[in-house]
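Participant: The chain contents come next:
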Amino acid sequence: MANERHTLTALVDNEAGVLARVVGLFSGRGYNIDSLTVGEVDPAERTSRITVVTSGPPAVIEQIEAQLKRLVPVHAVTNWTFATDGVEREMALVKVAGADRAEAKQMAAKLGARVLDDRGQATVFELTDAPANIGSFIEAMRPLGLCDVSRTGVAAISRDPG
Amino acid sequence: MSESDTLTAKARPETVSLTGAEIVVRALKDQGVTHIFGYPGGAVLPIYDALFADNGITHVLVRHEQGATHAAEGYARSTGKPGVVLVTSGPGATNAVTGLTDALMDSIPLVVLTGQVATHLIGTDAFQEADTVGITRACTKHNWLVRDANDLSRTLHEAFQIATTGRPGPVVIDIPKDVQFKTGEYLTPDQIRHRSFKPKTEPEAASVLRAVEMMAAAKRPIFYTGGGLINSGPQASQALRELAALTGFPVTSTLMGLGAFPASSPQWLGMLGMHGTYEANHAMHDCDLMICLGARFDDRVTGRIDKFSPGSKKIHLDIDASQINKVVRVDLGIVADAGKTIAEMVKLWKAKDKKADAAALKDWWAQIDRWRAKRSLAYEASDALIKPQYAIDRLYALTRGRNVYITTEVGQHQMWAAQRFKFEEPNRWMTSGGLGTMGYGLPAAVGVQMAHRDALVIDIAGEASVQMTMQEMSTAVQYNLPIKIFILNNEYMGMVRQWQQLLHGGRYSHSYSEALPDFVKMAEAFGCLGLRATKPSELDAKIMEMIDSPKPVLFDCRVDATENCYPMIPSGAAHNEMILSALSDASVSDEGKMLV
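Which chain is which? The protein sequence lines are X and E, in order. Take the first sequence: its position 124, counted from the start at 1, is 124 in this note's numbering, and no numbers get skipped. Take the second sequence: its position 575, counted from the start at 1, is 575 in this note's numbering, and no numbers get skipped.
Keep in mind the hints are simulated off the structure, nothing from the lab. Since we're looking at a predicted model, the values are computed, not measured. In this text, a Cβ means the ideal position worked out from N, Cα and C, and glycines have one as well. Treat the hints with care, as some may be off.
Stated by the list, open to error - In silico negatives: residues of chain X with every beta carbon more than 12 Å from chain E: (1) ARG70; (2) TRP80; (3) ARG89; (4) LYS95; (5) GLN106.
What the hints assert, rightly or not - Dumping the calculated BS3-like pairs for lysine-lysine here, alpha-carbon to alpha-carbon at most 27 Å: (6) X/LYS69 with E/LYS542; (7) X/LYS69 with E/LYS81; (8) E/LYS200 with E/LYS340.
Stated by the list, open to error - Among the chain E residues that face chain X by a calculated CB cut under 8 Å, a handful are: (9) ILE135; (10) ARG137; (11) ASN325.
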């Protein structure tokens, strides 16, 4: 069966080793991690949200969700790919040092990126967007002197108040 | 504020302060622990000191930490209580890893306490330091490193809850030495509630109803039961017996589930899988409804997956949601406790006045009887050599009616024991199923005998496996545990030899048990009774001598060295592609044949 891309989030207890448990589950069972982000979301409740972008056949995705739910510090797992009410974003820092930096800035502005740093020999752009648009931006910068890229991976959340 | 925080705050005025080591002992006692299996060392000395001051818990000193974990598994599997282990840091913890993995694979509740170097030394490559929570993360249901004595009692109580509820499994609590010395607050078990761990045990009524309707409509049904029925408790076995009686359906079981259904029942088809009976595997292949209760479609059970039971609807009951649709897509998945769910099925079957399709069932049983007529467990008898199958049959016959518990090592002897020893009750059969750990049976027998002092505890062993944890003979002697180690000695790693014969052109690469010890002399050196049988004619008397001895016994039963274990599904084959022994075909004359 064909691979599908899915974005999963797990609400977890922010305790020692919780990220290692999630990452170890993926490596131990041979699942893919395309990107992974983690951060504390409720200091009072000591919970963090981990967002994993993964790919695999539907049966494997179903197993990944079930295996994540088995982990003791995991409260809830959501698959945003099938949910219509989720939004996701990724941030990228893109460094460009071409001959014509003005052209790069012009193109960046058109694609929604902003200049984060322009003091040195290179320009660093910041772009927060859907992962596919970040890919397009990087491709647009390639002929304009692209040197380096740092991407955060996807963060996802629901539209609903609950 | 979380629930546990609330409870803690309310309870605070009533708590007492103890040292970390005292908290450990107090928590174990409050959890009802009466036995622990352990081995002292530098990083657990404060806990050993607290045990010295308190005689409420029996500590069993093993000879190797792997032995402690298997003993605790045997204890747990035969009592339904969690097994508790106490070992030191570094090598103490790493030696426990095999037993932890074994317990994870077979869903055995273990609480393993490991010492750790003092918190200020963690990460410095200190003496006997190992990253125990890192190493054991993949082989535990959950684990903790406790850095504050105030967190210790909460962690210990949560550990017991997690190990024993939902799908049981092993947990590790790593306790640095300074935390054992420091003073902390003690909370009792009823003051603790885990924040996120709430296993689901009740089945949905609609699912139970659908299952019962599928069962009533079935023409060729089979119950495929597993270790989950043992873990659920004796009421699950009881409920299965009622459901089988009500429906009249045939029952087969995995290796781990033996004993949940009585082998004396005419509805019993024997074990299924790679070395299961012809009738069990063919019934699995040809059924139109498979009712899987507390089993997990292991590769040794299913054989080739794309040819697995192609024409059947499948119901899968498991307490672990991740098992549903993991290997085999099912038509109805029920995530719940086996005992509760089967009892609900019984209730609903009666309430709805359901009837099985009697005419279809009659045909189905006629077909099953034709498969049974193949006599797939038959073997060629011998007057000169002890056949391993004969040895198991005699051991079974001579121990019938006694209070018997059987453990095994791993290999041919394990399969022969599973095929031929007939279990009537749950918790009587302790074996390493998922991990296949050679060396499991001897220490497991120590654990079983510790819990059942008056029982007849027999480790059915092979000469290769038993050498892996032989040192626990000394433990058996120290605690007056009269375990019987019945070695089917064929001078080969028999299952390896069998595969080399059948699949590797008879190239017996490193599977001969060279330079074997004299097991009788070794038994004597340990202070046990050593016995040896080499001829069928002397076997019964020697077995009786073993049973009657008040000592631990090492029985060197010299068996036919090249006997193969049949029937067999070769890897990559389907249930209906079994290899039978030459003598199992019904067309062969009955002479010289031993029937089941």
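Participant: Next, verify each hint and record whether it holds.
Facilitator: Hints and how they fare:
{"no.": "1", "hint": "ARG70", "result": "5 Å, violated"}
{"no.": "2", "hint": "TRP80", "result": "20 Å, holds"}
{"no.": "3", "hint": "ARG89", "result": "27 Å, holds"}
{"no.": "4", "hint": "LYS95", "result": "35 Å, holds"}
{"no.": "5", "hint": "GLN106", "result": "50 Å, holds"}
{"no.": "6", "hint": "X/LYS69 with E/LYS542", "result": "53 Å, violated"}
{"no.": "7", "hint": "X/LYS69 with E/LYS81", "result": "26 Å, holds"}
{"no.": "8", "hint": "E/LYS200 with E/LYS340", "result": "11 Å, holds"}
{"no.": "9", "hint": "ILE135", "result": "11 Å, violated"}
{"no.": "10", "hint": "ARG137", "result": "6 Å, holds"}
{"no.": "11", "hint": "ASN325", "result": "6 Å, holds"}
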